[in-house]
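A.B. asks: Residues per chain, in single letters:
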Amino acid sequence: MTTLAPLPADPSVDGPGWTAVCPLDALAPERGAAALVTASDGEELQVAIFRLVDGTVHAVQQLDPYSGANVMSRGIVGTRRGTPTVAAPVYKQVFELATGRCLDAAGKEPRDGLAADLAAFPVVVTGGVVHVGLG
Amino acid sequence: MTTTQGSEQPPGPRPDDRRHVVVVGGGMVAQRFVEALRSRDDAGAWRVSVFAEEPRTPYDRVGLTRYFEVRDAEELTLGDPALWDDPLVELHRDCAITAIDRGARTVTDRLGRVHPYDELVLATGSSAAVPPIPGHDLPGVFVYRTIDDVAALRGWVEAKRETGRVTTRGGVVERPVRGAVVGGGLLGLEAAGALKALGAQATVIEFGSHLMGVQIDLGGGHALKRLINDKGIAVRAETATKELRPHRRTGHVGRMDFADGGRLDVDVVVLATGVRPRDELARAAGLEVGERGGTVVDLTCRTADPHVWAIGEVACIEGRCLGLVAPGNTMAEVVVDRLLGGGATFPGADTATRLKLSGVDVASFGDAHGRTSGAVEIVWADPVAGVYKKLVMADDARTLLGGVFVGDAAPYASLRPMLGAELPGDPSAFLLPEGGGAPALELPDDATVCSCNNVSAGTIRGAVDEHGCTDVAGVKACTRAGTTCGACLPLVTKLTRTELTKAGVEVSNALCEHFSLSRAQLFDAVRVADLHTFSEIIERFGTGRGCDVCKPVVASILASLGNGHILAGEQAALQDTNDHMLANMQKDGTYSVVPRMPGGEVTPEGLIVVGQVAKDFGLYTKITGGQRIDMFGARVEQLPQIWERLVAAGFESGHAYGKSLRTVKSCVGSTWCRFGVQDSVGMAVRLELRYRGLRSPHKLKLGVSGCARECAEARGKDVGVIATDKGWNVYVGGNGGQTPRHARLLAEDLDDATLLRTIDRFLMYYVRTADRLQRTAPWLDDVSGGLEGVRAVVMDDSLGIGADLDAAMAAHVDGYEDEWKAVLSDPDKLARFGSFVNAPTTPDPALAYVPERGQKRPATPDEVAGGLADPVLVSGPILEVRA
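First to last, the protein sequences are chains A and B. If you're matching positions, the first sequence starts at 1 in the working numbering and goes up one per residue. If you're matching positions, the second sequence starts at 1 in the working numbering and goes up one per residue.
By construction, these hints were calculated from the structure, which means they are not laboratory data. Watch out, some of these pointers could steer you wrong.
[As the list claims (entries may be wrong)] Taking lysine to aspartate or glutamate pairs in the EDC-like style, the calculated list, with each CA pair at most 20 Å apart, reads:
(1) B:Lys829 x A:Asp25
(2) B:Lys494 x B:Glu539
(3) B:Lys587 x A:Asp25
(4) B:Lys231 x B:Asp796
(5) B:Lys494 x B:Glu466
(6) B:Lys196 x B:Glu852
(7) B:Lys587 x A:Asp41
(8) B:Lys587 x B:Glu852
(9) B:Lys196 x B:Asp149
(10) A:Lys92 x B:Glu513
Note that the coordinates shown come from a computational prediction; the quantities given were computed from them, not determined experimentally.
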């Protein structure tokens, strides 16, 4: 989820669970990018990062629960009734970017063992650098 | 032959308890009978056996002339073919019934087999009535009734054309095949149209005072004659044919002699002087026949024998036989109702008629001749435009009794259902061009809208109000309205929309929540407003920030209008992942790469490079349906490296994705093939290089065949080009896939330049006017004027946009660049092809493969989770697979 403005009083983005991913400029507006980030327990995870036209940045899991492929960053960004969304590129499910909630399952069920919604992660942009926190 | 025996036990009574109805005849009315019985007999109380004389399932005899255009008997098939797989339906094709034993309640087929029945339905139809003209049995004299008749006629004309070709020192001279049709009625005109379609000359010989004398009056007949003459068909009215004389040498029909002393040299004659009911079975069984033939039935369609019924053209009802399909269908419904215990009776014949001859619009209904006592006629005639319109009103000048429309049958669809009702306002307003401000007609619920399927306005309204249909397709499926001849579709559409609007349902062709315009409207808006970015477009014509529906549409529109590379600027964010990555995403998130091989032509050196690339990058390879080689399993970060190798070898990657030109398939053609008459590969290469990269509402596939054997299957393509000995025939609107359609003939014998211009205009017109994800086949059904309309725009420039379309295509051709190569030379674009923004060369660690038949394939979730497959290979930068 987005916590760009206002920022937390003193964002502790250096601690474990936070990864400095890339400069904000490396992200094209409304086009996702994949990143490898490390959780505090050392597990490496793929996330999809999206920069919107207003400069907001969102991060959700890269794993598409409906296809089982790591492709969410390659979906089309848009809005549904004003809410920023991403559409899965494989079977076109629509997810709310801020929460990861699935808004339209496109008549499909998620793969066995996967949740219908995406996990959403906190993002902090500081000093022109995008940080993702997995906790 | 039997088309039956489902393995599953159908619902309802045990087989022994079911009653058995035998239908004699396998035409349109028999089809309707079976369809109605099976849709209404929920309890499965009846099983039905149909005995058809022809070796086919029932087909659309009304559309017979279309057989010349489609040349495919399958396309004339009526209704859902699954009907004949129903376990309670048995269809015996090529199996005429030869006798009825009413006492024993059995019929005997031509093989001598005896079949018992509980109820017998005679639907034997008519045969062409051959007039007793001397010479009617000469070779080259045909009737026009069945697919076989039509096929025989075609074969004859084509053979005559061959023998009429003479090689002289000046070149090849072709003498046209001279055809004549005896009979100027509905069938005769269709036959004349068919002769013209075959490239023959046609003269219609009519005994009476004017054409279509049964349906239209003398004034209409004069207008019709002009229209028919404009089609290149000659007409001789008030002419009796005295004799058909053989050619001295060949013995084939060669000359017609008329009673007035006139003569006509001919190569082929079609007799279309009428039909005769096939009532011989009924006669032999001792059933009463009418004065002019036909099995006499009462208003329930039952003969004097309570277990024998007759429907369709063979039935003599109210003292006459009816040679139209609509009343036949009504009779079929009546008998079904009776068999199921209902009390339906024949409501009287709807003899409304519409001529389906391309470019000639003729319709009549009701009392077209004004024979009702006191009838008043209102006539609009414009001899210059070839238009004649007449309304017959009752003596109150308000009640509509009938009408005749020649040259402009536009009012027919809305007026015909008003038969017997009072017209609002001045009736003459309905005859003025463009409706002339006539009041909008509110059809009464009992007005028939679709006479083929006897669907009333009330039924259509009910489909929306009570059955929840929300579009025309739904209403068609629910009511069957418009599913036979389609003439009523505009009215069905109008009624459906009106009803939806009344119900508060917004009738919308909006793209999505962000754009209230349709794709075609948006295309025009963007073009006229001269906008070049998504932000400008959505600010001006939409709301929000778009979605996965509208963004690719805008991307496609921008690309069609020439806005540079598809990843340039804001456009990159609009593209589907395939267009964004310039490759085809597969189920595991990797991509496939398909090097372009124009026309399916590839050198041995090229093949070796493709093989080496696949080997080096560990790609699974397969030959595609479009004559190319597909390489699967390429990761995002590998794509530019793969393109680099292809570019170096002179390839470009190709569109096996995107709403764009895919391939131009070809056969080997005249350069190698013994039968080829043109260089189909050369033309296919030319077309593929011309249209590659063209963005369109949906994917586009083309095909080129080097002769009529059609080995490239070009008629399954959006544009199919088939060589002739004079040039190229071009077919449009073909489709494979889920809804197969054969392409239809757009133009014949074009030279290379004209062929290119024709396809340029066709494609550009489609790109500009089709709906989102609408292939060319459904577009041709929807676009104004259908195929004829498109032909007028493309061949005759009827909208005056030809030059504009040509210029648009020229801009595309001139502006084409290798999209893949352009990425390689642009660091910004290249930067998009990293696997991770913080680790651009690290492969997706989740990818896993197992070997199969010597190559790799993605591991299944079980194989990954349990390590069940051995070995599970995690792909590295270059993956070697050992089988």
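A.B. asks: Each of the hints needs a verdict: does it hold here or not?
C.D. replies: For each hint, the structure was consulted:
Restraint check for Lys829 of chain B and Asp25 of chain A: the C-alpha separation of about 14 Å stays at or below 20 Å, so the hint holds. A hinted pair counts as satisfied when its Cα atoms are at most 20 Å apart, and Lys494 of chain B with Glu539 of chain B does not qualify at roughly 33 Å. Only pairs whose Cα atoms come within 20 Å are accepted, and Lys587 of chain B paired with Asp25 of chain A is rejected, the gap being roughly 31 Å. With a C-alpha separation of about 15 Å, the suggested pairing of Lys231 of chain B with Asp796 of chain B holds against the 20 Å cut-off.
Distance restraint check for Lys494 of chain B and Glu466 of chain B: the Cα-Cα separation of roughly 18 Å lies within the 20 Å cut-off, and the hinted pair is therefore satisfied. With a C-alpha separation of about 58 Å, the suggested pair Lys196 of chain B and Glu852 of chain B falls outside the 20 Å cut-off, and the hint is violated. At roughly 30 Å between alpha-carbon atoms, Lys587 of chain B and Asp41 of chain A are farther apart than 20 Å, so this suggested pair is violated. Proximity of Lys587 of chain B to Glu852 of chain B is assessed by CA-CA distance (about 17 Å); at most 20 Å being required, the pair is judged to hold.
About 16 Å separates the Cα atoms of Lys196 of chain B and Asp149 of chain B, which keeps this hinted pair within 20 Å; it holds. For the given pair, Lys92 of chain A sits about 16 Å from Glu513 of chain B by alpha-carbon distance, which is consistent with the 20 Å threshold.
Hint compliance for this structure: hints 2, 3, 6 and 7 are broken, all remaining hints hold.
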